[in-house]
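Undergrad: Here are the chains, one letter per residue:
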Amino acid sequence: MNKRKKLDQDHVWGYLMVAPTIIGLIVLNVYPFIKTIVLSFSSMKVFGEYKFIGFRNYANMFSSEEFWRATWNTLLFCVLTVPIGVMLALIVAILLNSKIKGKVVFRAIFFLPMVVAPAAVAMVWKWMFNSDYGVINTIFHTKIDWITDPNVIIITVAIVAIWSALGYDAVLLLSGIQNISKTYYEAASLDGATKFQQFRYITMPMVSPTLFVVLILRLMSSLKVYDLIYMMVGESNPAMSKAQSLIYLFYRESFISGNRGYASAIVIWTVLLIGIITAIQFIGQKKWVNYEV
Amino acid sequence: MKRIGAVLLVGALSLFMIAGCGKKNEGENSSAAEKGGSLVFQIWDAGQKSGMEELAKAYMEEHPNVNIEVQASGWDEYWTKLEASAQSNTMPDIFWMHSNQMYKYADAGILADCTDIVDKDAFSEIALQNAEGSDGNLYGVPKDKDIICLAYNKEMFDEAGVAYPDEDWTWDDLTNASEQIYEKTGKYGYMAYAQDQIGYWNFVYQNGGQILNEDGTEAKFTDEATSEAIKFYVGLQQNDWCPTQNQFANTDATTLFFSEQGAMFYAGSWQLADACANYPELNGKWDVAVLPKCPNPVAGDGRASISNSVTYATAAKGKNKELAMDFLAYLGSEEGQKLQGETGVGIPAYNGMEETWANTFKENGYDIDASKVTDMFDYSVKYVNNPSRPIWEPKVEQTVLDMYAGTVSVDDGIQKMQDVVTAAIKDE
Amino acid sequence: MKRKKRTSAIGVYIALIIGSIIMIFPFIWMLLTAFKTNSEVMKVPPTILPSSWNLSAFTKVLDLLPFGNLYLNTVLLILIRVICAVVFCSMAGYAFAKLKFKGKNILFTIILVQQMIPAQIFIIPQYQMLAKLELTDTLFALVFPGIVSAFGAFFLRQTYMGIPDEIGEAAYLDGCNRWQTFIKVMLPLTKNSLAALSIFTAVFAYTDLMWPLVVNTNINHTTLSAGLSTLNGQFSTNYPVLMAGSLLAMLPMVILYLIFQKSFIEGIAMTGGK
Chain Z
1 MNKRKKLDQD
11 HVWGYLMVAP
21 TIIGLIVLNV
31 YPFIKTIVLS
41 FSSMKVFGEY
51 KFIGFRNYAN
61 MFSSEEFWRA
71 TWNTLLFCVL
81 TVPIGVMLAL
91 IVAILLNSKI
101 KGKVVFRAIF
111 FLPMVVAPAA
121 VAMVWKWMFN
131 SDYGVINTIF
141 HTKIDWITDP
151 NVIIITVAIV
161 AIWSALGYDA
171 VLLLSGIQNI
181 SKTYYEAASL
191 DGATKFQQFR
201 YITMPMVSPT
211 LFVVLILRLM
221 SSLKVYDLIY
231 MMVGESNPAM
241 SKAQSLIYLF
251 YRESFISGNR
261 GYASAIVIWT
271 VLLIGIITAI
281 QFIGQKKWVN
291 YEV
Chain A
1001 MKRIGAVLLV
1011 GALSLFMIAG
1021 CGKKNEGENS
1031 SAAEKGGSLV
1041 FQIWDAGQKS
1051 GMEELAKAYM
1061 EEHPNVNIEV
1071 QASGWDEYWT
1081 KLEASAQSNT
1091 MPDIFWMHSN
1101 QMYKYADAGI
1111 LADCTDIVDK
1121 DAFSEIALQN
1131 AEGSDGNLYG
1141 VPKDKDIICL
1151 AYNKEMFDEA
1161 GVAYPDEDWT
1171 WDDLTNASEQ
1181 IYEKTGKYGY
1191 MAYAQDQIGY
1201 WNFVYQNGGQ
1211 ILNEDGTEAK
1221 FTDEATSEAI
1231 KFYVGLQQND
1241 WCPTQNQFAN
1251 TDATTLFFSE
1261 QGAMFYAGSW
1271 QLADACANYP
1281 ELNGKWDVAV
1291 LPKCPNPVAG
1301 DGRASISNSV
1311 TYATAAKGKN
1321 KELAMDFLAY
1331 LGSEEGQKLQ
1341 GETGVGIPAY
1351 NGMEETWANT
1361 FKENGYDIDA
1371 SKVTDMFDYS
1381 VKYVNNPSRP
1391 IWEPKVEQTV
1401 LDMYAGTVSV
1411 DDGIQKMQDV
1421 VTAAIKDE
Chain U
2001 MKRKKRTSAI
2011 GVYIALIIGS
2021 IIMIFPFIWM
2031 LLTAFKTNSE
2041 VMKVPPTILP
2051 SSWNLSAFTK
2061 VLDLLPFGNL
2071 YLNTVLLILI
2081 RVICAVVFCS
2091 MAGYAFAKLK
2101 FKGKNILFTI
2111 ILVQQMIPAQ
2121 IFIIPQYQML
2131 AKLELTDTLF
2141 ALVFPGIVSA
2151 FGAFFLRQTY
2161 MGIPDEIGEA
2171 AYLDGCNRWQ
2181 TFIKVMLPLT
2191 KNSLAALSIF
2201 TAVFAYTDLM
2211 WPLVVNTNIN
2221 HTTLSAGLST
2231 LNGQFSTNYP
2241 VLMAGSLLAM
2251 LPMVILYLIF
2261 QKSFIEGIAM
2271 TGGK
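If you're matching them up, the sequences are chains Z, A and U in order. Letter by letter, the first sequence follows residues 1 to 293 in my numbering. Letter by letter, the second sequence follows residues 1001 to 1428 in my numbering. Letter by letter, the third sequence follows residues 2001 to 2274 in my numbering.
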């Protein structure tokens, strides 16, 4: 009986507590998304009548070479940025959590890139990667066409992406690490555990739920990459087609060419792709994410 | 805690609704301007905000009951907002319309028909054409017109002992001068990059070719004159004196020119005032000239320069349409056009007012001969446009880049552009 | 043992200093750019130091933009969004992690799916909702898309998942109902995560460009970042002025971070666990 009562209470409070978020999301996000799904089955331009054309947009999309290349570019970008980016962020978070002097200063510095104007970020990186006058080729005595070589461009964008996300991810992971009670480490220390053992058996399992958030967040946002490519590569770049991501293609079709129907199909495909990859992560997490320690 | 959240939200809502109650709906009175009201005037270039404000001020002085607020935003957001507001019938009262977007908005019935308030004899034909919808009616009031010119570095010409470009210059002079400057000074000559309006279009029309036929219903890439000019333009890159497209992607031609790395590039007339203001220490070291002509055109006299224009517009179903139309009429009047030219923000679309704009350079102490730029309106060619342009333009642009990159031969590329544009016209 | 500690501390310093240089570089570059003239900025090959340290870019940007209004709007926007995020996301995160109710998984799917959808498709419909309510060019319009946060709900759900169930059970046995357990026992345990979420929300609100630019075109009703980007013309940009403006705009964010990160450190001592 007690159990029943508890469950009822769970029901009431559960719905009440998720209501603001869920209602907000339905109005702000779910509704536009459903509209997009509906649009993807139409030949809709920007203005004008809705005309149902079945799966024709999808058929056109799947037979387009440009589309498959964009899909490939997007996946490649994800593989290049996510593992390295998340790993670096974890290292930075651990370093920022260690007992050293000047921690406040270091934390502020790693936070800075988050609030630097995007125009400044793109400008400084483009300038650094400039193949003729850039500081990177000068320092390393290389002659790499960072932003125009079709085989390099995606790596260049990935480097900037990792750099820009590092601060965000480190802040999240740092909060996760700080949620861990010090008593665990004290006990482990007394038992003679090395730093590495402490990391392996205390920090890792306890920070794993947060690490999982960061991983999912990074996966999703790297599969949605657009701004960076827009700013770093530029439209008149011969290597553009090698760097074009799915959302870039969507943007071009939707806002430049005005093909709302076709562009919506690209969005639906992107969401499906992200959904599948995220689902795999959710299944995989059971192996390494540790809830309720 | 939840209650606090709700209170906060309601508070925030009601508090900030106050600011939203500025606009009022005016009655349908012919003397809308006398009754007064307030208008929002939306533009995409912050650099022209003060110029537009001067126009608004001049109008408000005559009509003290009217208040006009100029709002500037960036290019990308401008179009996002305009589209969203068009769909929900909440457009700004007056806004700029670019010829790229004109057909989209005019043909969907979103823009007010301004045929009756424009004095057609007073405006250049190109400016009027850019304000037309597919049905030939005017869906706005011409604002300004632009044109392409040749900018050159005088010091480099002097150093190489080459005479400055003049009216008699041809494509051959352009390449010869580039060659000599590169040999004597080590600087780039004419910097030709993958661009249509500021690039190959000019060469195509000088050679007597076309991109589209007159009424925009047929692609003309494979015509002899067109393909010949495209081959010539793309071929310029083979010369040592021209940077590669990869180099342009790293550093654009404008930057190279004003960093004194190259002697010549084609500039849009709209770039000149900014360039003068931004590079004061180069004042006197560079100048502008008319575009070199084609020496042996397939047809015509070898002269052409691409001209585009911006249009002022208002919504067909706008709440303040009456008043907005009255202000539009002022913007298109001789007085409004003259004032615009004097603020230096653009060459007035009004005939015979070119020098108001050209004079602003000397008045501001900038040592360039802008009258050379306005001279070219005698043979200017309308910016290439048709209703299906948004569809074919990105694909053509990509093909041009592919031709430069060598992944497509120039001949195949021209054929591809022809096919892409033909298909887009057919779909429309 | 002591010696080993010292060498490892040196290693940490070296790693952090190298990292700091990479992270801070664009910031330094912004600072230098703000003092240059526009032609110095565009110079190829580039110069590092400005030829003279002139403040004209700063005076010009103060002249061009109503900084007082922009600061106020940005601070209010951040404040309201952070409050909303903390309140609504905590509630949702706790419910998803610790309560059992029908349809929980379906509702949680909405949270996840929202994050998969590219934000570009939201702008036009959201603008139209506000336009129909005649609420554009208001502070509410700025706040609107960020009233709720799917990311925040997901992030806090993960945080609550990491808190042992026994803590909640104990409170329940003490006679607390679900709400009291949440407010009195669980919420305080997530202080660090709330600080991180606040920073995140603030940074997102601060850096969001497209939305404020589309919804509030009146310069007096928009945010710092959006105001700054109106300095970008269609064809040209005055970089020193833009950078000077960006530096002035960054100040409140850096101050805010320093305040929050202090609560980070205090949070360590507070953290519960077993």
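Everything labelled a hint here was simulated from the structure, so no lab data went into it. Please read these numbers as outputs of a predicted model, since none were measured by experiment. There's no promise every hint is true.
DSS-like cross-link-like pairs, simulated, lysine-lysine; straight-line CA separation at most 25 Å [stated by the list, open to error]: (1) Lys1049/A with Lys1231/A; (2) Lys2043/U with Lys1285/A; (3) Lys182/Z with Lys2132/U; (4) Lys2132/U with Lys286/Z; (5) Lys287/Z with Lys2043/U; (6) Lys2043/U with Lys103/Z; (7) Lys287/Z with Lys2100/U; (8) Lys1231/A with Lys1395/A; (9) Lys101/Z with Lys2191/U; (10) Lys1220/A with Lys1382/A; (11) Lys2060/U with Lys286/Z; (12) Lys2100/U with Lys45/Z; (13) Lys1362/A with Lys2104/U.
One-sided excerpt, in silico: chain Z residues whose CB lies under 7 Å from chain U [claimed, not checked]: (14) Met114; (15) Val267; (16) Ile268; (17) Trp269.
We treat Cβ as the ideally placed atom computed from N, Cα and C, and that holds for glycine.
Undergrad: All the hints need checking, so say for each whether the structure fits it.
TA: Against the structure, the hints come out as follows:
The suggested pairing of Lys1049/A with Lys1231/A is violated, with an alpha-carbon distance near 41 Å, which exceeds 25 Å. For the hint linking Lys2043/U to Lys1285/A, the alpha-carbon distance of about 16 Å falls within 25 Å, and the restraint holds. Taken as a hint, the Lys182/Z and Lys2132/U pair is broken in the structure, with Cα atoms around 54 Å apart against an allowance of 25 Å. Of the supplied pair hints, the one linking Lys2132/U and Lys286/Z is violated, its CA atoms being roughly 46 Å apart against a limit of 25 Å.
For the hint linking Lys287/Z to Lys2043/U, the alpha-carbon distance of about 54 Å lies beyond 25 Å, and the restraint is violated. For the proposed pair Lys2043/U and Lys103/Z, the alpha carbon gap of about 37 Å is over 25 Å, so the pair is violated. Distance hint between Lys287/Z and Lys2100/U is fulfilled; the C-alpha atoms sit about 23 Å from each other, no more than 25 Å. Our distance criterion of 25 Å between C-alpha atoms is met by Lys1231/A and Lys1395/A, whose separation comes to about 18 Å.
About 24 Å separates the Cα atoms of Lys101/Z and Lys2191/U, which keeps this hinted pair within 25 Å; it holds. Restraint check for Lys1220/A and Lys1382/A: satisfied, since their Cα atoms lie roughly 15 Å apart, inside the 25 Å limit. For the suggested pair Lys2060/U and Lys286/Z, the alpha carbons sit about 57 Å apart, so the restraint of at most 25 Å is broken. A distance of roughly 45 Å separates the Cα atoms of Lys2100/U and Lys45/Z; the hinted pair therefore is violated under the 25 Å criterion.
Simply put, Lys1362/A and Lys2104/U have alpha-carbon atoms about 72 Å apart, too far for the 25 Å limit, and the pair is violated. With a cut of 7 Å, the hint placing Met114/Z at the interface with chain U holds, because the nearest CB-to-CB distance is about 5 Å. For Val267/Z, the interface hint holds, since its Cβ comes within 7 Å of a Cβ in chain U; the closest pair sits about 6 Å apart. Hint status for Ile268/Z: violated, given a least beta-carbon distance of 10 Å to chain U, over 7 Å.
Look at Trp269/Z: its Cβ only gets to about 11 Å from chain U, farther than 7 Å, so that hint breaks.
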